[in-house]
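My request is simple: use the sequences and hints to build the entire structure.
In order, the protein sequence lines correspond to chains A and B.
47 is the number that numbering that gives the first Met the number 0 gives to position 48 of the first sequence; each next residue is one higher, with no gaps.
49 is the number that numbering that gives the first Met the number 0 gives to position 50 of the second sequence; each next residue is one higher, with no gaps.
Any given hint might turn out to be false.
Facing chain A, according to a computed beta carbon distance under 8 Å, are these residues of chain B, among others [claimed, not checked]:
#1 Ala26
#2 Phe43
#3 Arg46
#4 Arg152
#5 Ser156
By construction, these hints were calculated from the structure, which means they are not laboratory data.
Heads up, the beta-carbon is just placed ideally off N, CA and C, and yes, glycines get one too.
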Amino acid sequence: MIAITGIGAVSPTGTGKEKILRSLSESVSGISVSGKFGLHAYNADSFGEVKDFMPKDYIPPIKARRMSRFSQFALASAIEALRDSGLEINDENRFNTGIAVGTGLASTDSTDKFYEGLLKEGADGTNPMIFPETVQNIAASHISIHFGIKGPNITFSHSDISSELAIFYACELLKDNRADFVIVSGSDELSHAVVTGYSSLGLLSDRMMPFDLMRDGFVLAEGGATVILERLDDAKKRKADVYCKIVSQGFSSSPAATIKYDSSLGSMIDSMKTALLRAGTPIPDFISAAANSTRELDRLETLAIREVFGGMASAIPVSAVRSHYGFFQGDGVLRIALAALSLREGIIPKTLGLKNPSPECDLDYVADGPRNAEINSVLINSFSSGGSASSIVLGREN
Amino acid sequence: MRHPVITGIGVVSSIGIGKEAYWNALAAGVCGIGEITLFDTSGFKGRLGAEVRGFSPDDYFSRKEAGRLSRCDQLGAVALSEALRDSGLDLNRIDRTRLAVVIGSGSGGLLSGEIFKKQLFNHKKPRPSLLVSFSSSALTDHIALKTGARGFRSTVSTACSSSSTAIGIAGEIIKKGIADFVITGGSESLTETTFSGFNSLRAVDEVPCRPFDRKRKGISLGEGSAIFIVEEAGHARQRDRKPYAEIAGYGLSCDAHHVTAPAPDGTGIAHAIRSAISNSGVELGEIGYINAHGTGTPANDLAESNAIKLVFGKSAYGIPVSSTKSMIGHCLGAAGASEAAAAILPLIRGVIPPTINYKNPDPECDLDYVPEPRNGSGISVVLSTSVAFGGNNTALILRKAS
Chain A
0 MIAITGIGAV SPTGTGKEKI LRSLSESVSG ISVSGKFGLH AYNADSFGEV KDFMPKDYIP
60 PIKARRMSRF SQFALASAIE ALRDSGLEIN DENRFNTGIA VGTGLASTDS TDKFYEGLLK
120 EGADGTNPMI FPETVQNIAA SHISIHFGIK GPNITFSHSD ISSELAIFYA CELLKDNRAD
180 FVIVSGSDEL SHAVVTGYSS LGLLSDRMMP FDLMRDGFVL AEGGATVILE RLDDAKKRKA
240 DVYCKIVSQG FSSSPAATIK YDSSLGSMID SMKTALLRAG TPIPDFISAA ANSTRELDRL
300 ETLAIREVFG GMASAIPVSA VRSHYGFFQG DGVLRIALAA LSLREGIIPK TLGLKNPSPE
360 CDLDYVADGP RNAEINSVLI NSFSSGGSAS SIVLGREN
Chain B
0 MRHPVITGIG VVSSIGIGKE AYWNALAAGV CGIGEITLFD TSGFKGRLGA EVRGFSPDDY
60 FSRKEAGRLS RCDQLGAVAL SEALRDSGLD LNRIDRTRLA VVIGSGSGGL LSGEIFKKQL
120 FNHKKPRPSL LVSFSSSALT DHIALKTGAR GFRSTVSTAC SSSSTAIGIA GEIIKKGIAD
180 FVITGGSESL TETTFSGFNS LRAVDEVPCR PFDRKRKGIS LGEGSAIFIV EEAGHARQRD
240 RKPYAEIAGY GLSCDAHHVT APAPDGTGIA HAIRSAISNS GVELGEIGYI NAHGTGTPAN
300 DLAESNAIKL VFGKSAYGIP VSSTKSMIGH CLGAAGASEA AAAILPLIRG VIPPTINYKN
360 PDPECDLDYV PEPRNGSGIS VVLSTSVAFG GNNTALILRK AS
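Next comes the structure, spelled out in structure tokens:
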């Protein structure tokens, strides 16, 4: 069994574990009209921007200046998470520590700026300081360099289940004794380029209102989060503070076009069933929904939950935490961190922005939340456009 | 014990389309590096690259389909078709919930993204569909769509080691029973960003790259795709299919040294190789050929030679080490897959592919770099190393299937 023993976060709802916990219990929204960067699209000017993050609080300024926000979010959250876990990287463990990162689009700002230099000034306009930040594995590299971590190092970039694949891989590394600790980060950044891209595909909205009749797309967001994973026995041996256990994970997929969700429901049903079966948990205490306020996904996830739980579906609280901060592809680790905190603190987060549920969305979405409850298990759904699905069960460690 | 074996291979490369053409060219030491025609290279010092010439999307796709696929995905889709045909696997007769897709991605649909940006920059209305293929998972999802795969799906993005790691994971999930069949490999197209990026780092040679040569000055970029059909050995046996090779195991490590330069002493790469050896259960002495990452930069080739000496000691001098990048260039996200398809040449044809352009021995790189194609019959285990920005190292071990 794998344990989560450290949490760090840089989120639109606040930087640091304490702040994201407060956002859960006070239902604070991290979505606002773009400030610092003046982001806007023809159909949206609200974003889930990270606002209170000061890179110098974590990273020496001379290094931070050369990093993309994508890298900064991942590294800062990793620094916080590692501190939180009480672990120290030293010569004894640097080869036995792994790093797994998930990112949807990595540093679109670096790629855009680099290419713009070329368009403007040709070869002379290309900046060699920016180019290394354009690769997806740059955040994982910064984490390894910062701590001197030399074990397995991997980055997944697979749409909305990028972070979930990083979690999967970390658990495998631990089970196979290829690593004793794994730093798992998920990060993505907002940029003018990514806003232009999503906006031209017509996917953006100004408000998050999952399952609501009026929902019309997602608010694009950014952020990074890190969890520290280790084998539960080892964590107990070193008397680590265990947030919860990763009890099981199910993966599935269905053939679906790149920007479409799985309308057959097959992958969603299968990933939930697999995770629940492996966990031996027929009914979780709540579901952290993938729902991102799009017409398509919220409806499909509702139908899939109905299909899996039948008559019991209405009795399970289904909470969409993306309503708090928006949506970015690599947000899986942030969602796991939030679920781990929910589990420990006994909070089922409120789904913000839901006023008039769609008739096709007829479950208990915790619109009246947050609720206090004893929570022993959480099911975290991640369903990606293109048809990939992951479901993770987190369980209380007594 | 479950054994993952390769039963289908598809290749698109600058030295030939189709695996037979690729292997013929590798065995003959053909160079695919030349002038780049995909975009304007004027103003750059290093102007050469290994482009897939004569690739016409119309030969393979309807206009509508071609419009939705980036060049990277087009190369990958063509390699996929060949790999499937080659494997003889009837997808209608297998349980496709047990069919996984694990692909390594580099710059993916960046070339399409560049066209979008250029239109925007020139105040033209850009075509949004250019962005559909921008996601790193675009090819993975396309392969799943084409084959109806319903199993585990993942896209590894560790720059230049992506597809080597993907192949390692493909083997691992078969060993662990997570899948019975895996479509794996990688694809990459040349892009203006990567081309000008490596130039900005002064890492591109003005002449075709010369791995391990004393006068080496940098890489030559390349493009292409290699896709493999991997299945559990028992299944291949049942359908009387003789495998090309077995994916014995793999190892990963990180240098924790620098964002673009490898750790000079080679300790990081050495750790990945040791981890691959222990994961695959082969003996050190069994490894008969090393297909090196061998980019042609002064730093990489030295670090890698040092790593091989660290792991193999004195016997390093007796192992043929070559870099097929001298022929196909550095294919970034597709490098690991293209090189895995080259690394097995001794197992399939008994030939060791050479490091062409190697003329001047470097006293610091003093291994046997195989300047000419050579007889390699008798080799049963091969190692392929991949090294990426940020010090992400992968070592992959392939062996003759029993």
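Can the hint on Ala26 (chain B) be confirmed by a CB-to-CB distance to chain A that is less than 8 Å? Check failed: Cβ of Ala26 (chain B) comes no nearer than 33 Å to chain A, outside 8 Å.
Just to be careful: measuring from the Cβ of Ser156 (chain B) to every Cβ in chain A, is the smallest value less than 8 Å? 4 Å, holds
Holds or violated: Arg46 (chain B) as interface residue toward chain A, Cβ cutoff 8 Å? 10 Å, violated
Hint status (Cβ of Phe43 (chain B) to nearest Cβ of chain A, threshold 8 Å): 5 Å, holds
Grab the minimum C-beta distance from Arg152 (chain B) to chain A and call the hint holds if it beats 8 Å, violated otherwise. 4 Å, holds
Hint compliance for this structure: hints 1, 3 are not met, and every other hint is.
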